[in-house]
Amino acid sequence: MKTRRDFIKISTVGVGAAAISYKALGSKGFGLFESKLEGPVSDEDLTPYPTYCEVCFWKCAAWAYVDKKGRIRKVLGNKNDPHCNGRLCPRGTGGVGMTYDEDRLKTPLIRETRNDGTQYFREASWDEALNKVADKMKEVKEKHGPEAFGLFNHGTPGGQFHHLLRAYGSESNAEPAFANCRGPRMSAYFSTFGAYVGSPESTDIRDTKCLVLIGSHIGENMHNSQVQEMSEAIDNGATIITVDPRFSTAAAHSSFWLPIKPATDIALIMAWIHVLIYEELFDKDFVERYTFGFDQLKEHVKNMTPEWAYGITDIEPEQIRRTAKEMAGAAPAVVIHPGRHLVWYGDDTQRARAMAILSALLGAWGKRGSLYFAEGIKIPEYPQPHYPETKWGWRDWNGDKYPLATMGITTELLKASIPRLNYEHQVKAWLIAGTNLPLAMPDKPLFKEAAAAVEFIAVMDTMPMEVTGYADVVFPEATYLERYDVIRSAANREPNIALRMPAIEPKYDSKPGWWIAKQLGERLGLHDYFNYDDYAEVIDWQLKKLGTSLEEMKKIGVKKFPRKSGPLYMGEGEDFEFNTNTGKIELYSVDFADHGFDPIPKYTKHPEPPANFYRLIYGRAPMHTFSRTINNPNLSDLMSENSVWVNPKVADLWGLKKGQEVWLKNQDGAITTFPVKIRVTERIRWDSVYMVHGFGHANKKLSRAFGRGAADTEMITNVMVDPIMGGTGMRGNFITFLKEDPALNRKEAKA
Amino acid sequence: MRYAMAIDTKKCVGCGDCVVACQTENNVPHGYCRDWIVERVDGTYPSLSLEFRSERCNHCDNSPCVRCCPTGASHIVDGGVVLVTPHKCIGCGACIESCPYDARYPHPEGHVDKCTFCIHRVEKGQNPACVDVCPTNCLHFGDLDDPNSAVSLALKDRKWKVLAPEAGTKPQLYFLT
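Taken in sequence, the protein lines are chains A and B. Going by our numbering, the first sequence opens with residue 2, and the numbers climb by one from there. Going by our numbering, the second sequence opens with residue 144, and the numbers climb by one from there.
Errors might be hidden in some of the hints.
[Claimed, not checked] BS3-like cross-link-like pairs, simulated, lysine-lysine; straight-line CA separation at most 30 Å:
| no. | chain 1 | residue 1 | chain 2 | residue 2 |
| --- | --- | --- | --- | --- |
| 1 | B | K313 | A | K80 |
| 2 | B | K267 | A | K69 |
| 3 | A | K556 | B | K267 |
| 4 | A | K402 | A | K449 |
[What the hints assert, rightly or not] One side of the interface only, derived from the structure: several residues of chain A facing chain B at Cβ under 10 Å:
| no. | residue |
| --- | --- |
| 5 | G40 |
| 6 | P41 |
| 7 | G78 |
| 8 | N81 |
| 9 | I219 |
| 10 | H607 |
| 11 | N635 |
| 12 | P649 |
| 13 | I685 |
It is worth saying that the hints were derived from the structure and are not from the lab. We treat Cβ as the ideally placed atom computed from N, Cα and C, and that holds for glycine.
Build the full structure now, drawing on both the sequences and the hints.
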């Protein structure tokens, strides 16, 4: 199908200058090690600059060490930082590869159409690119109102554009971090405890006696301080219980691994709750004092016995009882990890609710070794006018749907962009900052239709990610090691802040996100919202209000503050008012009942794979963050492609060999663009396959990532939407193997 | 003085941070490494065990690589650390063949390269880069002759194994099990 906006791979830039600059680096080496004989440099000969990492969302504070030639040699964790305690994860250590990746976006790009109708990107000056986007923003504002300009954002740079859009008059924003990731637990924990678990989660793993991981694969997700604390918990002899159909790294380090049949987790949790209640193992004092709805819960789980759950989950009743007793024995020092990427089957808010209820029965809230009361620092707001009122925003797309959504839903923003879907409030243009939507989101056809429908797309990124191919204007962003950014402030045991400042000047013609947002703001007459020449002024002003300064923070990177909200844990028998309807922890959710949802979670049977199909389970590898690191020279060196894990029984059945390349096809006939290698391993169940997310890049300009492995998201066309908060459940997809290149068949399928 | 390293397989998650930290610290070219991760799976589903090991040169007491080196480029310094002097190395590869741990590789500059236990850091009282970066704190380095060193303390109350003991190389990487 030909659309107004063809997808352009930046590799097809038809401009001599671009091609030359790519070649200039030569084919040998990746730029990091140009002077080959240089050995290690003494730390004394390096200058450290404070930063916090942007390779993932954990945002560990670090020092970027720059040598006398102005090159960043290494990045090391800040010892005073509670996110990393001086130890970065492989991605943070390899973060320097993000800066020195020679495939980076180097100049602004503008889409052009040749006489023959083909399209390409032309290199442009910043002035031209900024004017083009600002003009379009003005035009949309006049024609449709500013609300029709939507924003997809992620991470620190996304915040700058969020500010720009708010100043311009739009709240039409969404980020994959909510509906495609941790949204369910936000709604679930808020409705149960009247509080969120935050990011980093306020899990007291360090001091726990029992850590329960339900599909959470700590160690493969390198959520740094949690990995560190799990390691401490192992040293302390804590019991670790891991529920996973895959023998994950965490499962291997666990005292109990429950190899559950996929999609049945709620049944297991309800059976645990049954055992705790009917064997009187729960914390009676805590439940009586702080909870609401115990009697209804008790009645509700009456028949949800371990024997009942066995038939559903494949977990032996004895194992269910034994692990419930382990938890009870360790209570209240139990962490039921609330999970992070929870959007699996569309009843994920209910699963997270079940986890929250389980925590409450164990008294595992606000107690040492469970979930602590985190405290953060509120960063003073730099003087600016109020944001203008908006006539509508992301809430209005939902209508009566997803009443408990607390942030914009990405798929709704896509749908609101497609005229045939007749949304009352339609979006006409997009800004995309820091998220590679085609690989991040399920249901790629929906994305493609929406991208073809909108009038205009501007993308800001550091790399020629696939999403840039849909853009009319591409802004090359400076990497986190080359820019100032907002002060990091995340709640933790000790309130703290961290500074990010440039270690080196931005390479090529890239610019910091704040600068790009400000330039657009100035062109839109929004100077009062961007009343500074350099973002360092904003940071210094804010730091001074906090009793420090940019000068001091440049020397220390991280500053801790005394707690003001009281102790980390609840006192014994302390009166406590929860921020819920009843003022108590709601085992029975009044809010859910009011909205017509199950007030107590129920197990729902989900579809199972048809014959010759296998459930697709996907996850993380410790050295990669989504699709954004796959081309990083340091990190691709550790893992350059993904594989599809199949149980030996399945491999035998299909005659699949280790390392054999196959294409995957899902229940809807979608086929992966690239083949993926088979990994035959006992670590996965026979009814499922597993892939690491983020691979299968289709842009040739990503020289290390192109065509390496396959994209799990291409196989996720069935989205099971959570009616409570709009989460996009992605684990209801089933794949089969194609041993022959489907290229020819594929054409037929499209026709 | 006898430098050694203990690697706690009960805690290692196989993340590869040690590998990246080594590469950036020691300017190891991309595509090569001085340390690496081994993942070993035993059993059948669901009775499984999995071990991750962060491996590198074993800095053997009885090191075949040093014995077979025709030029003396491979040598042992104080503390038992096995090193290669690049300008003396002719790249013949005999040491690579002789190592039962596959710990050496041909550097693109023509010489053989391997783990140095970050001797340039150790001399200043620092840990090797891999030890200091490890998020699970599963690597312990120090002097076996000092009972209070991190490695001695790590080995004190734990079971351990070495790799390829049958090779008789007296390796100095201890894997806590």
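Consistency of the hints with the structure:
no.: 1; hint: K313/B to K80/A; in the structure: violated, 36 Å
no.: 2; hint: K267/B to K69/A; in the structure: holds, 21 Å
no.: 3; hint: K556/A to K267/B; in the structure: holds, 23 Å
no.: 4; hint: K402/A to K449/A; in the structure: holds, 24 Å
no.: 5; hint: G40; in the structure: holds, 6 Å
no.: 6; hint: P41; in the structure: holds, 5 Å
no.: 7; hint: G78; in the structure: holds, 8 Å
no.: 8; hint: N81; in the structure: violated, 15 Å
no.: 9; hint: I219; in the structure: holds, 8 Å
no.: 10; hint: H607; in the structure: violated, 21 Å
no.: 11; hint: N635; in the structure: holds, 6 Å
no.: 12; hint: P649; in the structure: holds, 8 Å
no.: 13; hint: I685; in the structure: holds, 8 Å
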